[in-house]
Amino acid sequence: MKRFITAVVLAICVVSFSAVRVGITQIVDHPALNAVFDGIVKAIEDAGFKVGQDVVIDRQNAQGSMQNAVAIAKKFASEKVDFVVAIATPSAQACVQAITDRPVIFSAVTDPVGAGLIKQLGKNTSNVVGVSDMVPVATQLKLIRKVFPNAKKIGVIYNPGEANSVTLTNIAKSAAPSLEMTIVDIPGTSPSEMITALNSIGPDVDVLYIGTDNTAASSIESIGSAALRLKKPIVAADIDIARGGGVIGFGFNYFQVGVETGQLLVALLKGAKTSDLESHVVGPDSLTLYINLDIANQLGITVPSDLLERANIIVKDGKEVSR
Amino acid sequence: MIQIENVTVIYNKGTLDEKVALRNVSLRVDEGEFVVIVGSNGAGKSTLLKLLVGDVKPAEGSCKIFGIPVISEKIFKNASIVCQDPNQGVFPNLTVEENLILARRKGIRGLGFGKIDPKSVELLKSTEMGLEETLKRKAAKLSGGQKQALAIVMAVSSNPKLLLLDEHTAALDPKSTEKIMELTQRINKELGTTIVMITHDMTIAEQFGSSVIVMEDGRICTKIDKSQQKVMASQLKAMIRSTVFTTTT
Amino acid sequence: MIPIIEQGLLLSLAAMGVYISFRLIDLPDLTPDGSYVLGGAVAVVLLHSGHGWVFSTVIAVLAAGAAGAVVAFITTRFKINSLLASIMVMTGLYSLSIRVMNAPNLPVPKFDTGKIMNYEQIVGKTPLDDLLGDVPASFEASGLKAVKIPFTNLGDGHDLLIISAIVLASIVILSLFLKTEFGTMLRGYGRNRFAVKVLGVNPDLFAYVGLIMGNVFAGFSGALFSMYSGFADVNMGIGTVVVCLAAVILGEIVFGSRQPIYGAIFPIVGALLYQFLLTFAMKYGYRIGFKPSDMKLLTALFVVAVIAARRFKKSEVTV
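As you go down the protein sequences, you meet chains V, S and A in turn.
Per the working numbering, the first sequence starts with residue 62, numbered consecutively.
Per the working numbering, the second sequence starts with residue 11, numbered consecutively.
Per the working numbering, the third sequence starts with residue 251, numbered consecutively.
Just so you know, the hints here were simulated from the structure itself, not pulled from any lab data.
Simulated crosslink set (SDA-like; lysine to any residue; CA at most 20 angstroms straight-line): (1) A:Lys533 <-> V:Val117; (2) S:Lys148 <-> A:Lys429; (3) S:Lys233 <-> S:Ile250; (4) S:Lys171 <-> S:Gly64; (5) S:Lys148 <-> A:Phe432; (6) A:Lys429 <-> S:Arg147; (7) S:Lys125 <-> A:Gly433; (8) S:Lys247 <-> S:Cys231; (9) S:Lys125 <-> A:Ser425; (10) A:Lys447 <-> S:Asn97; (11) A:Lys533 <-> A:Ile255; (12) V:Lys207 <-> A:Gly383; (13) A:Lys533 <-> V:Asp119; (14) A:Lys360 <-> V:Arg163; (15) V:Lys207 <-> V:Thr363; (16) V:Lys207 <-> A:Leu382; (17) V:Lys213 <-> V:Thr363; (18) S:Lys116 <-> A:Phe444; (19) S:Lys87 <-> A:Leu455; (20) S:Lys171 <-> S:Asp40; (21) S:Lys74 <-> S:Lys84; (22) S:Lys151 <-> A:Pro510.
Taking the hints into account, I'd like the entire structure generated from these sequences.
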């Protein structure tokens, strides 16, 4: 019996010593960021590593506090953590500043260059690499023009306190003039503020656009209902947001972002160096076209047939069909 | 020094709560006088003091101190007031020493570290309340009588020309009251400070002060100069009792 | 261990500001939630403009102090309760900070970066391009330039030394100030405004001085934190006053009735304690199912434990 116990204890010690420790930090508990985490775990497991055995994850959550994000980064820096994954901009900024001797992988940061994480997309010589969740805003505006040829004023619903959303809105504002469109801000630092702004500014715009804003995502049902009441269509860049109340969605979902992030981690686990890997945006092949015909009918919108043919997900009569 | 001429003060003019607090009151107080004011509640005593510190303005008439009309921001540069609540006159979270250091002059301070004035300590000692031992103690820890003694010493440390006392012994026990009144008298006699004191206690009115003013219903009914006429506590009580039943509109 | 002390000390500066407003002058002030951010925002923007970190911090601190002056103005002039006035100013500072940074988040870059581009420029084409037409849709913005900060983030004690020196200097200056006649009258004002008036001084003066000082400390903390953490973010001030109050109360409990340096020691000890508690919860909390959001419960339990321990000690002395 004693020998058996000793053997088991030794085995556990060996396993825990040889297991790779990955610290994963996110700025707040939010479905989109949690989906990234899930995607990372899937990528790790798909590559054949067992989470909890080969790879031990220390998952930390800053609960919205920047100070906590920094404390977590410092904690990882001083512990025996082999790799660090930081989800969302402030967590990533804190980790890049605090950890210089180990790989840091960022995820769900729309503009990693502007956030000071890396010199440029592609390969870098530093210990930082990651996946940006930037969406093709200009293309989405072109999509709006194709479906709504008479749309001139595009109302962008976002939280001016989220760096990612501000970046996307700025890109939209620079792309709009050449498409003969004007961008109108519908801002809110909280869901209730957003709905108030939507109700007062919404009637004056033609189409509503939502990027990847976390605040909008967390209350998309109410925003969707408000938009329906105003009879304004929502075009979204995040497929999960589109599912919550959009007519058209063209983008990706955060689980995909997580999977691509996890694939970077897997490469590192297999021995690659961060300088070998490329920081990138989610590839165009992962972009999904989502069309909700029920809402389109409700709002009297005709979706061009060539677009319909290309759709990856169609919602009709309450049912979602993927192609 | 104090020149109140035909002053009328009305509270809440024009509303249902309108009350005439002072009616055509005239009073003159010379330097060095020790005036005691008595009267029943609502007679206008506190309003008179408020007039002197600029907390109320006369609807009619004028109130001048040192020849100029009272400006509430400026009056405390040359006058001090000690109220009924001993906690109001001192800084409870500062030590006795710090209280005295602050009180030795009026006006804004600088960034130096002040020194205590030995005269203030002497004055404290003269009250025989043991205060000279408490210099390093926080004022909040003193007894009511000690606090009031400190408040008075603070009030006169900067040598103000005028000292106003609003029932300053009303909250004290008889022993403390005695010591505080002795201190008050000494201040008037030795420092020459002009004092205007409100009191409810007729015995004090009899024993202290150079003149007594009896107020009723916003008017000054009587002014008795003690050098001309002896004042008895019983007399004063009777005066007040008799006028209490005068109907007021 | 070292980073915990570093962050605790950075927090203690903001806690000192809260101590000044809530305890010394007794004018509750919520502005630090906003002036903390303003301090960080101004400092980082100035760093980006090429200024040194000392100059940037000084200006940041002055900006934060100005916010305090506005609160003092509203409170004294319009006789509005300081808490209410501070909520108004704090809300305004959120927008102001975004204006100052021209973004809700600004990094403190260690290296020069390349240009910032949009998706289409990075990737080239998307699957729907054939359907959507040919209008070019490119976007470009200039990248960032590296800025110099005093912190190395190497965990070797270098940063700890700098932060400790700053906090020590602050506390020395503060305690000397509170010892002067002006500072003594400020302390007196906190408990008896009437007595200040009787001494021939307009009490409103101390409302200004106290609220300015309180926010100067908050802005100072925010500026240093931004440089330490590598970024300024408009959301980094949320909950500052609440956390600092907890720190002050923790400090008061530790010292009991004693008040070394007029109590200015409370925020320092309390903030360090708070940071240790927080880290403890983060490190081991998950084993018992704790979440960082349970921090408040932990704080309450800790406070009760400290009080109980002190009670127990007292009874030992009398026996």
